[in-house]
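Q: Protein chains in written order, with my numbering: chain A, 250 to 533; chain B, 4 to 96; chain C, 38 to 421.
Calculated from the structure, these hints are not laboratory results. Among the clues, some could well be false.
Claimed, not checked - With a Cα cut of at most 27 angstroms, we get these calculated DSSO-like pairs of lysine-lysine:
#	chain 1	residue 1	chain 2	residue 2
1	C	Lys-138	A	Lys-496
2	C	Lys-197	A	Lys-496
3	C	Lys-341	B	Lys-87
4	C	Lys-257	A	Lys-319
5	B	Lys-9	C	Lys-197
6	A	Lys-496	B	Lys-9
7	A	Lys-496	B	Lys-87
8	C	Lys-197	C	Lys-138
Claimed, not checked - Calculated Cβ distances over 10 angstroms to all of chain B for the following chain C residues:
#	residue
9	Leu-81
10	His-128
11	Asp-129
12	Trp-132
13	Arg-135
14	Ala-159
15	Pro-251
16	Lys-257
17	Trp-304
18	Gln-305
19	Arg-317
20	Leu-358
21	Gly-377
22	Leu-382
All C-beta atoms, glycine included, are put in the ideal place defined by N, C-alpha and C.
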Amino acid sequence: MILRCGPMAIDVDTDLPEVVAALEVYYGPDAILSKRDFADFFVELRRPAGLRRWYRPQVIFALDGEQLFKPLPRDQAMQAFEWGLNWIIEHHCHQYLIVHAAVIEKGGHAILMPGQPGSGKSTLAAAMTNRGWRLLSDEIALISMADGALSALARPISLKNESIPVLRRFVPDAIIGCEARDTVKGTVALMRAPLDSIARIAQTARASWIIFPRYLNGLPVEIRRRSRASTLMSIIEHSFNYSIHGKAGFERLADVIEACDCYDFSYADLNEAVEVFDALKPPS
Amino acid sequence: MTRWRKAGDAELSWRYWDGEAVVYNDASGDTHHLDALAAEVLERLCTHAADVEEVSQAIANAYGLDPDDDLNAAVAGSVERFLKFGLIEPIPT
Amino acid sequence: MRTSPPIRPTVQSATSVRQNQVRLAQLLACPVAAAGLSLADWSLVIRQARRAGVLARLCDLIEEGGALSAVPEPARLHLEAARTLAIKHAHDVRWEVRCIKQALAPLDIPIILLKGAAYLLADLPPARGRIFNDVDIMVPETRLPEVEVALNANGWRFHKLSAYDERYYRRWMHQIPPMTHMARGTTVDVHHTIVAPTRRLRLNAAALFAAAIPVGDDPKLRTLAPADMLLHSAAHLLNEGEFDRGLRDLDDMNRMLRHFGRDEGFWQALVERAEELDLRRPLFYAFRYASRMLGTPLPQGIEKTPRLRPPGFLLRSVMDLLFERALRPRHSTCRDALTGPALSLLYLRAHYLLMPARTLVPHLLRKAYARRVGRDETPERGWL
């Protein structure tokens, strides 16, 4: 089958019926296409040959026949798929400047939220996207090198540990599944992006704010301006392929930042966070 | 006193924002974050070769400051870092 | 949803494999043919080229031929993304060579750049669209200890190797173990000759140094003379049993033969040098497979010249069988039933050329064990 993922077509070869079903749920039925002439990447998600096919069954993720990482337990098959897809994007999609960041958008203005895993950006993105914001991505921001526009992927949002029950309460009718315990990141689950976000994948966006989020339990919500210069340096740290682009990467990133107001943001309560984000004014 | 100038192979791109600067050096691939003073020092050395005292004096004049030991030390510290990162080089005597 | 067997290299008929990989070879030989490729063709070519390490090179060649704008956008994005990466690699290698030069300057010794770094600094065709790994340099054997010390003092460090592996490098290979820079993470391989001293051959490294030509503005920095550069590439590809980048390495020779071969005197000098350095057989195979697979134009009859002492019909046929498979892109669409055995045989042959039997068997057993328990650090990466 072919999976349409943002601007890419992924040929997915799998012998796992639960993966086929999950892809349709989490990417939307319109994302599943029949085989066609061209695919950007050819991936396999399969059970290994030999013992681990049956005993404590595993899955292998491969790109063009080459295994990308160690096998994972079969009940983490969708996680394997998502991590594999992240790897592929980070290593091969150099038409973009790629940043570890969530991207949400409302009224034509997008927020870029850089952060390492565990910073709370995925949780925040998951919450915002169910309170009127469109989701472009929860983890990987794609900035076009040609014109600085942000591309949308609207892939499933990965939630970890405590954020899973928190989001279940915050968005009672959210589709949250593929829960797997004892992974390297603890308990993980996937939340489907809202159908509206998935439907608008083809729409790019422009960043108006860059906000560095941090979850700080028990403290009141706080948002503080930070300098553009320090923002550039931090984004470089969160970027996978900035160094590959050389001077063009510097100029492109600087242009994006110049058009934004930049903030540090800490929160404990999602409702307070929503209020702050809703009150943001576009840069003059 | 050693006189300093921009390193021969350094190719610099600048952005100034709110009293700070970021500089990209195409030769090394490094990106640098400079505060207001460091930015002044590097910019001056890129335009004219000078020694630490001359740069201090020029900055003091431009901003109505005292060319005191603190200023000299700050300028000298910047020069040391720029040399380490391959942004400037000493002029051979 | 289709059910498929578990992951293992798929096996195809020899005919379909030949058809599959012909397009990529055709493009390398004649890049303007890119204008005529369908999207389905591109889907296959891109994957093969990526595995073969020639995707960025393909982009450059097609652009040079003026055909890049005719490539459909989904395919063009992949070509250009690979090229972006290659540009970065080239940039890094230049910086790395500068740093190595600086570190070794006090020693006042000639440094010969090898392979990728040489192609880049000398602006030769194999540098185009290249993904570089380590920087390879050659220094006089007598000065090796000082070089180690100087690199160490400037931030390069050895990996941790077992005593066996360390002995292997120094005794059987022609280099000290690789050194990696602590801050930059880049690796330098320091050689003292270009072909491992084997049980049958000890190459005269002094002859290589004598013929080396300067590059750039530093008289200490040199590359091998064109004939030596080509023979080095041939010896590496055709004697050392490593084919991960087989097609790319073959194309390097294709490009060099086309480039240097414009000078008529080159061919004679090349054959003479091969005799002198006892590298006739690798040169024979280089001529043979570059012309057959990539269309390299050769002077009439040079493959048959007796000075090369070509192998007999039987041996030649066997080698054709093996090399034609080993030199294809490392991709499932280019594998047939004989590919696995071919790679294994060539791997064994490489070791046979290198060491006497009494060392060979224990060495191979040890390698196989190390690979099984995941502790394999030595440089060979042949497939068993």
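Q: The output says Gly-377 (chain C) does not contact chain B. Does that hold with a beta carbon cutoff of 10 angstroms?
A: holds (41 angstroms)
Q: Regarding the assertion that Trp-132 (chain C) does not contact chain B, is the least Cβ-Cβ distance greater than 10 angstroms?
A: violated (6 angstroms)
Q: Was Arg-135 (chain C) rightly flagged as not at the interface, with every chain B Cβ beyond 10 angstroms?
A: Per Cβ check, Arg-135 (chain C) is inside 10 angstroms of chain B; nearest 8 angstroms; violated.
Q: For Lys-197 (chain C) and Lys-496 (chain A), compute the direct alpha-carbon distance and say whether it is at most 27 angstroms.
A: violated (36 angstroms)
Q: Holds or violated: Lys-138 (chain C) and Lys-496 (chain A), Cα atoms, limit 27 angstroms.
A: Distance ~25 angstroms between Lys-138 (chain C) and Lys-496 (chain A) Cα, so the pair holds.
Q: Given the hinted pair Lys-9 (chain B) and Lys-197 (chain C), is their alpha-carbon gap at most 27 angstroms?
A: violated (40 angstroms)
Q: Examine each Cβ of chain B, and state whether all of them lie more than 10 angstroms from the Cβ of Lys-257 (chain C).
A: holds (18 angstroms)
Q: Would the non-interface assignment of Asp-129 (chain C) survive a Cβ cutoff of 10 angstroms against chain B?
A: For Asp-129 (chain C), whose nearest Cβ neighbour in chain B is about 7 angstroms away, the distance does not exceed 10 angstroms, so it is violated.
Q: For a C-alpha distance cap of 27 angstroms, please report whether Lys-257 (chain C) and Lys-319 (chain A) respect it.
A: violated (46 angstroms)
Q: Given the hint that Lys-197 (chain C) pairs with Lys-138 (chain C), test it: the Cα-Cα distance must not exceed 27 angstroms.
A: It holds: about 25 angstroms lies between the C-alpha atoms, which stays within 27 angstroms.
Q: Find the nearest Cβ of chain B to the Cβ of Pro-251 (chain C) and say whether that gap is larger than 10 angstroms.
A: Pro-251 (chain C) is indeed farther than 10 angstroms from all Cβ atoms of chain B, at 19 angstroms.
Q: Straight-line Cα separation of Lys-341 (chain C) and Lys-87 (chain B) no greater than 27 angstroms?
A: At roughly 58 angstroms apart (the allowed maximum being 27 angstroms), Lys-87 (chain B) and Lys-341 (chain C) break the hint.
Of the numbered hints stated above, those contradicted by the structure are hints 2, 3, 4, 5, 10, 11, 12 and 13, listed in ascending order.
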